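Novice: Work out the full structure: start from the sequences and follow the hints.
Just so you know, the sequences run in chain order A and B. Each position in the first sequence, counted from 1, maps to that position plus 19 in the working numbering. Each position in the second sequence, counted from 1, maps to that position plus 3 in the working numbering.
Treat each hint with caution, since some may be false.
Interface residues of chain A toward chain B, partial, derived using beta-carbon atoms under 8 Å [what the hints assert, rightly or not]: (1) Ala39; (2) Ile49; (3) Phe71; (4) Gly73; (5) Leu103.
Derived from the structure by calculation, the hints contain no laboratory data. The model shown is predicted, which means the values in this text are computed figures rather than measured ones. The beta-carbon is built from N, C-alpha and C at its ideal position, and this holds for glycine as well.
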Amino acid sequence: MSEPVKSNASTRGLARCLNAPGGIGMKDAISRAALHMEMMQERTLGVMEESFAGIVGLLAQIDGVPDPDARKQVHELSCTLAGLGGMFGREALSKAAYSFCRLIDMTEPGWDAAAVAVHVHTMRLLFKPERVPADMQASLIEGLVKVRRTVAAPAAG
Amino acid sequence: MSEDRGSLKAELTFNFANASVVMIDASPISLEVLTGILSGCGFRKMYRCSDMSSGTDTVKMHSVDLILIDPYAFKEAAYDFVRWLRSERRGPNAAVPVVILTAYTYVRLITAARQCGADYVIAKPFSTQGLLERILWVAESEGRRGELTAPPELVSQTGSGVEMW
Numbered sequence: 020m021s022e023p024v025k026s027n028a029s030t031r032g033l034a035r036c037l038n039a040p041g042g043i044g045m046k047d048a049i050s051r052a053a054l055h056m057e058m059m060q061e062r063t064l065g066v067m068e069e070s071f072a073g074i075v076g077l078l079a080q081i082d083g084v085p086d087p088d089a090r091k092q093v094h095e096l097s098c099t100l101a102g103l104g105g106m107f108g109r110e111a112l113s114k115a116a117y118s119f120c121r122l123i124d125m126t127e128p129g130w131d132a133a134a135v136a137v138h139v140h141t142m143r144l145l146f147k148p149e150r151v152p153a154d155m156q157a158s159l160i161e162g163l164v165k166v167r168r169t170v171a172a173p174a175a176g
Numbered sequence: 004m005s006e007d008r009g010s011l012k013a014e015l016t017f018n019f020a021n022a023s024v025v026m027i028d029a030s031p032i033s034l035e036v037l038t039g040i041l042s043g044c045g046f047r048k049m050y051r052c053s054d055m056s057s058g059t060d061t062v063k064m065h066s067v068d069l070i071l072i073d074p075y076a077f078k079e080a081a082y083d084f085v086r087w088l089r090s091e092r093r094g095p096n097a098a099v100p101v102v103i104l105t106a107y108t109y110v111r112l113i114t115a116a117r118q119c120g121a122d123y124v125i126a127k128p129f130s131t132q133g134l135l136e137r138i139l140w141v142a143e144s145e146g147r148r149g150e151l152t153a154p155p156e157l158v159s160q161t162g163s164g165v166e167m168w
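Specialist: What follows is the structure, encoded as structure tokens:
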């Protein structure tokens, strides 16, 4: 950590915004933000669907081990899903996508096609969370963790 | 989040209308979502930067109150940016809170964030409440970087935040 830098918090910076006239509280802020999120929901889900389609398209072209560029693109698209899913009612999808990112990294420079396929199928299922009961969603995520452990075991040995 | 902490925040009001925030993220949709959340929280002066170059230019040209950055696409350049910011001791933005927002948290990122001088790492996806609580926390703690320890519940209860102070 770099050496602390002092600032005069009372006259500038975010501190001056606290309890300032015309302010709002946490509840109001959350409600207002929720309205913005609602307006963005359709567009964001569209981007997520495009990202997933991008992953599927890239995987279809991979024969054996992907080249670094394809690996990077798949990772980026999965990271997009991981970052956005949970903000729009798809928490389990976020977790599955995060697990996929971890898998891609832990197998580098190799590739485990079976483990990749399990992740992709799981993400496809979790895109429609209303069709998957909550306990099953949790089981699916647990399953992905087990898959990663299984993949990691030979690498560690 | 503990109830005590939650009720404390529930009583607090804030007006970010005159606060400037810089968002640096290569993903247009992430910038859009973040803009929506911050708008809801009352921020009006928001600079959206999709690359490090525009982020650096913005910080050079404006006095800002908060920087939110996703280093995923920028790798080391993002940490270099924070390092540079902290090194500009006479600059108006040297002490500005820097919060790292990222969907992919891994050990190297946490280490790099700590070493470059960032204040906080928040894992995506985050809730409005989670982000706002941390913004309020850095607002309350401003000017005391290095002297404080974040309340443990702020770090551990949600499982998404990694405290950097």
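Novice: What hints, given by number in increasing order, does this structure fail?
Specialist: 3 and 4
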